[in-house]
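Visitor: Residues per chain, in single letters:
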Amino acid sequence: MTLARRIIPCLDVRAGRVVKGTRFRDHRDMGDIVELAQRYAASGADELVFYDITASPEGRGVDVGWVERVARSIDIPFCVAGGIRSVATARAVLHAGADKVSVNTPATQRPELVGELAEAFGVQCVVVGVDSLRDEDGQWRIRQFTGSPDATRALEVTTLDWVRRVVDLGAGEVVLNCMGSDGVRDGYDLEQLAAVREVCPVPLVASGGAGAPAHFVDVFREADVDGALAATVFHDGSIPIPALKRTLAQAGVEVRLDASPTPTQEAS
Amino acid sequence: MRVALVDGGGTNIGSVSYALERLGATSRLTADPGDILAADRVILPGVGAAGAGMRRLRELGLVDVLHQVEAPLLGVCLGMQLLFERSAEDGGVETLGLVPGEVRGIPPRPGVRVPHMGWNSLVDLVEDPLLTGIEEGERAYFVHSYAAPSGASTLAATEHGGRWSAVVRSGRRWGAQFHPERSSALGARFLRNFLHEVEG
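One line per chain: the protein sequences are A and B, in this order. For what it's worth, this note's numbering labels the leading residue of the first sequence as 1, then goes sequentially. For what it's worth, this note's numbering labels the leading residue of the second sequence as 1001, then goes sequentially.
No lab work stands behind these hints: they were computed from the structure. Keep in mind it's a predicted model, so treat the numbers as computed, not measured. Glycine residues also receive a C-beta, built at the ideal position from the N, C-alpha and C atoms. A portion of the hints provided could be inaccurate.
[Stated by the list, open to error] Going by beta-carbon spacing under 10 Å, a handful of chain B positions derived as facing chain A: (1) G1048; (2) V1065; (3) P1100; (4) P1110; (5) Y1141.
[To be verified] Chain B stretches covered by chain A per the calculated footprint, using a threshold of three residues with CB under 8 Å from any CB of chain A: (6) 1018-1029; (7) 1086-1097; (8) 1114-1128; (9) 1158-1166.
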């Protein structure tokens, strides 16, 4: 196979700025969204995910102004997550230039949304984010409203059944956020990701737990995921993407090494 | 240079025009036959399904217009698939027939995920002005579930559970299965070649 495994930084966006902090409080301003997006694109990120944290809790849709600014300024694909609850919102985001939209809690409330999005835009535009945690009986089950600890609710459906279902409905990609390993920086949840891989014929992206370059090597080798998403280790500079790509290549993982100069140099 | 972006209702139209902007070229999003036939370059972008894509081109009266285009024409992603004669998508669709060949579903199997999504290598490159400065093995960004098997019109292929056309040409019609507007430096080079290396 020659298809490269993808490295995907995730940026939290609030009111058009990139922020850092726990998702709903203590936000620290990290900078201008376009500037950071261009920096990641130039450093060899294969794709970016923007998680709009203004959108979800306040019941608002996504402000497409920043989506368009990002689309104009970078030349790698990007996905917008947060605040997408309808075909109309998704259309506005995709028309503004996003390549994919990602739905999570709204899909758990109304699974038909996944099919409606796939029908309207094609499965290649539809990502389903899955927040998953192991319960005391040993089963992985999904959570909704995970943005706020007080609002988070556990659902009955097991993670494996939910992934099968959303793929049937038209998900073109699944991002599995393993909540048990999220924020701990102790590595991705290889056991869970490998189990989901077994039932997921579409691209699968690992999320939650990256703390060292070896964790990326492990998740591609052991769980056979197509992409690995991370936030903190990229934002704080502890794992520079060019070095990570070299480590992966040396470990025999297929990656894209031909990072390019930024497109802004060509702008007129 | 007048670049016409054919408004076939796809969602990646904005991205293509932004990529042209980054190269210093302006394009006009249009469904007007006069605009399309007067352009120096015509680009048919498109994300979505073949059935809806063809229906829209027919409704707009653009099928004949695209056949009449004499300037270099470039189909991107679904736009490239529509250049072929038929697509297996949506139960089988007759497409524009500007490039010989057919589009099929990529068969999923263990290790071959569908959609084919991500950065894959361009291989088996054939010399062509559109590929000036692009090297064997360079990567481009793909996202699609249907594809044209590599064949006589193929200028570059890519491997994903089979060998598929990544770039095709028939006369003055070219197509890219990948997204040049999202393929970093390679994509910029490719679009610049279409504007400046391909003979007008």
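Visitor: Name the hints, by number, that the structure is in violation of.
Guide: 2, 3, 7
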